[in-house]
Amino acid sequence: MNAAPVSVALSARDVSLWYGARQVLDAASLDVASRCITAVVGRSGSGKSSLLRCFNRLNDEIDGARVQGSVRVGELDAYARGASLSELRRRVGMVFQRPNPFPMSVHDNVGYGLRLFGLKRGAELDDRIEAALRVAGLWDEVANRLDDSALDLSFGQQQRLVIARAIAVEPEVLLLDEPASALDLAAMLRFEELLLQLASRFAIVLVTHNMQQAARVSRWMAFLHEGRVLEFGDTDAIFTNPHRRETEDFITGRIVSGD
Amino acid sequence: MSRARNESAGVALLGGAAACCVGVVVALAAWLAVAGFAPFWPTSVVEVSLRDGAVVLGERVAQFDDAQVLRTSEIERIGGAYRRLRPDDIVSTALPRDVLAIELADGRRLFARDAGDAAALLAAAGAIESDVVERVAPNALGFGSRCMLFVKRVARFVAGAPDTSNISGGVLPALIGTLTLVLLMSVLAMPLGVATAMFLHQRRGAYARALRSAIDMLAGMPAILYGVLGLGLFVHGLGARVDAWFFADRLPVPTFGSGGLLWAAATLALLTLPVVVVSVERGLAGIPASLREGSLALGATREETMWRLLLPLARPAILGGFALAIARAAGSVAPLMLVGVVKLAPALPFDAHFPYFHPSAQFMHLGFSVYDASMASPDALRGVPRAYACAALLVLIVLTLNLSALVLRNRLRARQRMLEPA
Amino acid sequence: MFVLLLLCAIPAYLLASAASLPFAGQSPDWARLGILFGGSLRATLCALVFAVPVGIAAALFAAHFCAPRLRGWLRAALELLEAVPTVVLGLIAFASIAPWLATHVAGVVVACVVAPCALFAWGLATRTPRRRLGWMPLWGVPLVVAALVAGVVLGAGIDGTRFVPASPWNTLLVGLVLGVATLPTVYAMADDALAALPSAQTQAALALGATRWQALVTVALPAAMSGLIAAVCMAAARCFGETMIVLMASGNTPLGGFDWLGGLRSLSAELALELPRSAPSGAAWRELLLVALLLLATTMLLHAVARVMRTRLRARQVA
Ligand SMILES: Nc1ncnc2c1ncn2[C@@H]1O[C@H](COP(=O)(O)OP(=O)(O)O)[C@@H](O)[C@H]1O
Ligand SMILES: [Mg+2]
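Chains as they are written, first to last, in our numbering: chain A, 1 to 259; chain B, 260 to 681; chain C, 682 to 1000.
In short, the hints are calculated from the structure, not lab data.
Warning: the hint list may mix true and false statements.
Said to hold, decoys possible - No more than 20 Å apart at the CA atoms, straight line, and that leaves these computed lysine to aspartate or glutamate pairs for DMTMM-like: (1) K602(B) - E955(C); (2) K411(B) - D390(B); (3) K120(A) - E562(B); (4) K411(B) - D365(B); (5) K120(A) - E563(B); (6) K602(B) - D365(B).
Computed from a predicted structure; not experimentally measured.
Chain A on its own, in the form it takes in the complex (with noise of 0.2 Å):
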C-alpha cells in the first residue's frame, strides 16, 4: 500500500458520549480516509457500537444520550447546529450487527431509501437498485424473486440485503457493526471479499471483534479500550508493533484464543 494522499472521508475529533449519567466514550477521535476499510476493534462493552451511532448521530433517538466533540463528514459539520439529521444520514449508511430488513418485498427494501429522497417509482428507481444489489453481490439470486418478502430470504442474503439497502443511497461512508459475527468460515471468506471490493466505492468503518478479519480486511486500525481510543494507525504496523499494553494482550489473546 503505497503511501498515496489520502483523503480523510470522516473525522471524528474528541468525541464523547454518556448514556444518561455513564460515560461510554471518552475523547475518542478517529480519521476515516476515504475508499480504504477503517477497522475499529476492542472488546465487547468497550464502546464500539456507540461510536459508529456517534458517526450518524443515531444515539440522538436514545433517551438521556449525551454527545460532545465534532464528527465532521466531508465539509459536513455532523453536530453543528441546524444540521440535517437526513442528509448526515444519506451520507453515512450504517449495516447493523443483525440483519434488519423490513417486512416487505426485496425491491421496496432496496428502494425504501431512494424513495425517501424523493425518487419515484419507475424505470430510475428500478436500475438504482439493480445497481446496488450488483453491488452487493445479491442481484443473481434474487433478481426474479425481487417481490418476495425480504423476510424469506437467507441469512446471509439477508445480510447482503442491507448492505444494499445502504450503498442505494449512494453514502460516502459505510458503517458496518460487526456484520460477520453470525456467518461461518466460508460465508465470512466471501462477505470479506464484498467487503474489499465495497471500499473501492466507499470509506468503510468496520466494527469487529475477530483480529484476523481486521488484519486481513483493514487498511487503518484503532484499538478501542473503555470508551477511548487507545490506538489508531496502520494495521499492519499495530499488529507487529503495539504501542499499549492492552493492545498488546488484546492482540495477542484473541490470536491464542483462536477467535
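Dock chains B and C with the ligands against the given chain A, drawing on the hints supplied.
Frame of chain A, contents of chains B and C with the ligands only:
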C-alpha cells in the same frame, strides 16, 4: 387418602371450571340460534273444541304448566285476541288441513277455516286484499315449503319496515341505524385513535406515562358514563350551541340540541377511542427497534419512519383495534339510550332530500330494539320472540364485522410475518 | 394534541359540572344514593361469586393442565362471549332465565354444591395427572351438565319456603348473568397473569420432581397472585358499571339491604332510566350527576387497585 389422589381431584375441579366456560358459550350460542330463528318458523294452526261448546282456531304461542295460550284471529287490534286455555277446558284438539293463516301489513294475524271464512274475517277486520302480506295454509305445508316460508319471513324481517307501533314487521331502519352508527363512529374514532397512538408512541417520560395510564383507565370506564358525557357535553352543550348559531330560526325545536345520530356516533367514538389507542400503541411498540433504527440510519426522519415504516407495519394492530372498537360500539346500548336512540324512527338517516344525510336525526338501533321489544312491547307474546330475533341479528352483525376485521388482520400479519406483539 | 385533552375531559367534565351546579340549599338525597350504591355492590358481589372461581380455575387449568390447542379454543370461545352485546344477555336473563329461576332457586343452590362435589369425586377416582391433561374439559362437559341437572332435580325435591324469591327479577339472577358476562374478563386477565410468568420457574419446579399440581400451588400461584387480584378488581369494575344486564334483569326496584333474592336498582340503571327524562341543570339532573360521579369514583378506585397489583406482578417478574 393419598396426596396424589387429592391432586387429581383438584385438577378435576379446575377442569370442570374450564368445562363450565365451554358449556356456557355453547349453550348461549345454541339458545340464541334457536330462540332467534324460531319466531320465523311456520307453526301449525290448531282447532280447539272447548267444554262450553265453543270452537276456537289459532296458533299456540306459549305453554305453561297449567295452561296454554292461543293466539286467535286479531280482528280488532294486534295482540288483542289471546286465549288462555287450561287442560280441563279442552275437549279436543285438531289440525284441520286447509285452515288459512293470514297476516296483515299492520301485523295482525287472522285464522280462517276456508276462503269464504277468510273474506268475512278480512271484512270484519276492516282490511282489504292489498293489506295481506302473507296468506298460507300452514297445516298443509310440507317441510320444503315451510323452509321456503321461513326464508321469506326472515327476509321480510331483515329488509322490511316495522309496523306503526314497532310490535311486528321488519327491522330495516334499526339495521341501517346500527350500521351507520358503527360506520360514523369508525370515521370519527379511527383516525383520532391512530394519531393519538402515534403521538404517544413517540413520547417517553412521566408525562406520556401519565397519559397512558389515563387512557388505560378510560378504556375501562363504564359505557353509561360516556352516555352521560355525550348527553351533557354534546347534546346539551355543543348541540345547543350549534342550534343557537345556525338553526336559530327553528328554535325552540332543537335540531342538533337533542340526541341524534351524530352525537351518538361521537359518544361511541369517545367510548372506543381508548381501546383503539391502546391496541394500536401496543402494535407500534411490538415492532422491533432494529427496524426503526434501520430506517433512521437510512436518513429517514422520525416522521417519515412513522408514516412509511411503522404505520404500515402496525396495520394488523390497527385492524385489531378496529375489531375491538366495533365489538364495543355495536354492543353498547346503554349510552345510546341517553343520546338519541328511539323506539321508532322509520325514516332512514339518508334519503333523496338535500343534504341526503341527516346526522341530527333520531335513529333506531338493533340493540335498543332488543331492550324495547322485550321490556316495553305492548304485546309481550310478540315482543320477546321479536327481541330474540333482533338479538340474533345483532350478534350476527357484531360477529361478522369483528371476524372480518380479525381475518383481515391475520392475513396482513401472515404477509408481514411479524411477531405477535406482547 | 387535543385528543388527549378530550380524553382527560371526561372525568374532568363530570367533576366540574357537578361541582359547579349550585345546590341551592337542598342537600342531595343521600339515602337514595346509598341504596343505589348498595344495589350496584350487591349485583357486583353476586356476579363475582360466580365468575371469579370459575374464571380463575379455568385459567389455571388452561395454563397448566390443558392441551395447547384447547387453550387456544377456550380463549377464542371466551372472546366470542365477550363480543356478545350485553343487551342480549340481558334479554336471555329477563325473558328466559327469570321465569325458570323463580321456581328453581333451591335447585340452583344445590347444583352449585353438587357439581364441584361430583367433579371432586371423579378426580379421586382417576389417576394423578403427571402430564398435561389435554382434552379433559370436553369430556368434562357432560359430567358438569349431568351434575347440574342432578342438582336441580334434587333441589326441586327440597324446595321449601326458604328459597322463594320476592320477584322473578332478583339479585341472584343478575349475579348469574352478570357473572357469565364477566367470565371473559376474569379469564383473560388471569390467563395473561399466568402467561406472563417465566415458564422457566415452573420448569425448574418440575425438574426438581414436583408434580404439575405442586408446581402450580408452590410456584406459579404465589407468583401470579397479584395478577389474579388485579383480574378480580377489573371484573368488579366491569360489573359495577354494567348497565344493560342490570337494567333488564334486576327489576329496578330501589331496595336496600342485602337480600340475595330481592330486586335491586343500580347506579348505572338509575342513569339509564332517569337521565333521558330529566331537564338539564334541574334538581334531578344534579342528583344524577352525583350518581355518575359515584360510579366514576368507584370504577376508578377499582382500576387503581388493579393497576397497583399489576405493577407488583411486573416487579415480581423482574426480580
Ligand atoms: N442505549 C444504551 N443505554 C445505556 N447504556 C448503553 C446503551 N447502549 C450501550 N450502552 C452501554 O455502553 C457501553 C458500550 O456499549 P457498546 O457500544 O454496545 O459496546 P460494543 O459495541 O463495543 O460491545 C456498554 O457498557 C453498554 O452497556
Ligand atoms: Mg456492539
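Hint by hint, here is what the structure shows:
| no. | hint | in the structure |
| --- | --- | --- |
| 1 | K602(B) - E955(C) | holds (16 Å) |
| 2 | K411(B) - D390(B) | holds (17 Å) |
| 3 | K120(A) - E562(B) | holds (19 Å) |
| 4 | K411(B) - D365(B) | holds (17 Å) |
| 5 | K120(A) - E563(B) | holds (15 Å) |
| 6 | K602(B) - D365(B) | holds (17 Å) |
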